[in-house]
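**Student:** The listed protein sequences correspond, in order, to chains G and X.
Numbering follows our numbering, in which position 105 of the first sequence is assigned residue number 105; successive positions increment by one, without gaps.
Numbering follows our numbering, in which position 42 of the second sequence is assigned residue number 42; successive positions increment by one, without gaps.
Simulated DEER-style distance windows between Cβ atoms:
| # | chain 1 | residue 1 | chain 2 | residue 2 | range |
| --- | --- | --- | --- | --- | --- |
| 1 | X | S40 | G | N264 | 56 to 64 Å |
| 2 | X | E193 | G | V26 | 58 to 66 Å |
| 3 | X | N283 | G | G156 | 30 to 38 Å |
| 4 | X | H161 | G | S99 | 23 to 31 Å |
| 5 | X | G58 | G | V26 | 36 to 44 Å |
To be clear, the hints were calculated from the coordinates, so they are not data collected in a lab.
Every residue, glycine too, gets a C-beta built ideally from N, C-alpha and C.
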Amino acid sequence: MKPNTQQLNNLSIQVRRDILRMVHAVNSGHPGGSLGCTEFLVALYQNLMDRKEGFDMDGIGEDLFFLSNGHISPVFYSVLARSGYFPVSELATFRHINSRLQGHPTTHEGLPGIRVASGSLGQGMSVAIGAAQAKKLNNDNHLIYALLGDGELQEGQNWEAIMYASAKKVDNLIATIDLNGKQIDGTTDDVLNMGSVRAKFEAFDWDVIDIKEGNNIEAIIAGMTEAKSKTGKGKPVCVLLHTEMGNGVDYMMYSHAWHGKAPNDEQLANALSQNYCEGESDY
Amino acid sequence: MKKYTNTGSKDTRSGFGAGMTELGQKNENVVALCADLIGSLKFDEFKKNHPERFFQIGIAEANMIGIAAGLTIGGKIPFTGTFANFSTGRVYDQIRQSVAYSDKNVKICASHAGLTLGEDGATHQILEDIGLMKMLPGMTVINTCDYNQTKAATLALADHHGPAYLRFGRPVVPNFMPADEPFVIGKAILLNEGSDVTIVATGHLVWEALVAAEALEEKGISAEVINIHTIKPLDEEAILKSLAKTKCIVTAEEHNILGGLGESVARVLSANSPAPQEFVAVNDSFGESGTPEQLMEKYKLNNQAIVEAVERVMKRK
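Using the sequences plus the hints, can you model the full thing?
**Tutor:** Structure (structure tokens):
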């Protein structure tokens with residue numbers, strides 16, 4: 001049984017609490033993008049992906065997800081733990097020494113759920129394409145999902161990968177762009193105006209769909225279901241996910257300031273009070 | 001001691017191509033990726049025999065390394081092929097994060113390494129690649145000496161789990177290793193026994209070391225020659241065993257003196273048994289256009305340079 005919308009919304013609140021508490025505890029990490037992608041990753045792991053029990057690296061016979069913008073590791077770790085890949089209590093070790101929960105995701109420490117290291121930006125799309133081509137060689141009809149930041153599209157390797165995926169008809173791939181319009185130094189328009197991301201992907205011959213309400217669980221599921229229906233038709237699929245950086249914490253939203261900054265004690269208490277759910281189960 | 005003779009000159013890259021052709025038939029998990037250099041890397045047969053397992057990436061090496069990392073997820077064994085410069089320096093961060101740190105079973109196969117690329121000049125003649133690759137934790141680094149050894153190394157890599165860098169070259173050079181010589185990763189091969197000096201050589205310099213040993217013999221100097229195809233992990237035992245006998249060492253490589261085989265050997269010596277060492281290597285400079293023979297002479301990477309280095313190191317004993 002898949003969780004219903006109410007349950008997914010409650011889980012999203014729990015994940016936001018995890019993110020805030022994790023970055024607060026070590027006074028470092030990236031809450032902004034993590035909060036912005038919370039609903040997406042909750043919907044992906046709890047509703048959209050066809051996943052097997054447990055974890056093995058090859059992931060044959062199941063959908064796989066690749067996080068390219070590895071700095072939003074807090075949301076990834078929380079959703080993986082809450083989806084059963086490792087104990088929720090381990091979230092308390094985020095960014096600590098001798099932890100499997102490194103600042104940016106890695107396979108090096110053997111954390112279940114992680115299939116490649118990410119953090120140095122611009123590499124995840126290529127890896128996802130390779131995994132998608134392995135699925136085809138293995139006659140495995142499952143899908144590859146990837147998530148990239150919008151600022152990350154400034155890295156040139158992405159455009160090598162985007163060109164390749166359409167030319168080689170990698171149509172078992174859904175790449176989602178977290179279109180929050182913000183990066184460390186300011187808005188993406190200010191730092192390096194990318195023009196229309198949709199027009200660029202279309203020019204590279206991808207199928208493109210928009211999810212205008214990227215922080216709304218029902219809109220995400222509807223949009224991603226449409227994206228899934230476009231797979232297997234000769235083109236890779238791009239989802240432009242319009243999100244708000246820092247979503248769910250009023251003082252973090254509508255700014256790039258909380259991209260990579262942790263809240264202090266008072267700010268944490270304020271943020272948690274805005275994110276209370278019945279039966280919360282903080283680690 | 002066996003006498004090594006040239007059984008017919010060939011390029012090392014053709015040994016790689018022959019290895020890939022054989023692997024294609026032997027191991028269905030082996031896949032090949034190329035960045036617009038099929039002919040140069042001798043991928044033609046593999047591509048013809050297994051089009052579904054051959055990936056033409058285009059001139060996009062960063063993407064190639066990432067795709068190779070992804071292909072391992074699903075059990076494939078990817079062999080990437082392009083020139084050594086574009087296999088390493090151009091894609092260092094991709095190899096570092098997506099392959100080495102992620103412990104992906106990717107084989108980075110690099111042709112046209114070193115000065116012997118020749119006329120194309122310094123833009124293409126990387127002399128820093130061994131250093132770049134050996135610094136990556138978990139990376140195996142191999143530099144083969146001839147056609148037979150390159151083929152054997154290619155076959156051996158498919159059975160070895162983990163990231164690896166295989167370096168070979170463009171020119172036609174003597175083929176002297178026996179075709180049935182086992183290739184054991186990390187295990188040096190003693191080619192010539194001697195008692196006065198140890199010459200540790202890799203890649204194209206191995207043949208030059210054998211020629212040098214003959215010239216030295218005429219001068220009454222007994223040189224031990226070690227073919228050190230694997231630079232990482234380095235066969236420290238073989239080096240120290242030889243050094244215990246000869247008490248001095250010459251390293252020879254087609255690479256910058258900084259970061260290459262010589263420095264790896266020097267570390268072994270300083271930590272275990274300090275002894276005089278001389279380096280035959282490029283003296284911290286870029287290359288230039290010219291024929292391979294002209295370049296190897298100008299940059300002092302041939303058998304005469306090895307003889308001179310031996311004479312220097314003998315005086316320091």
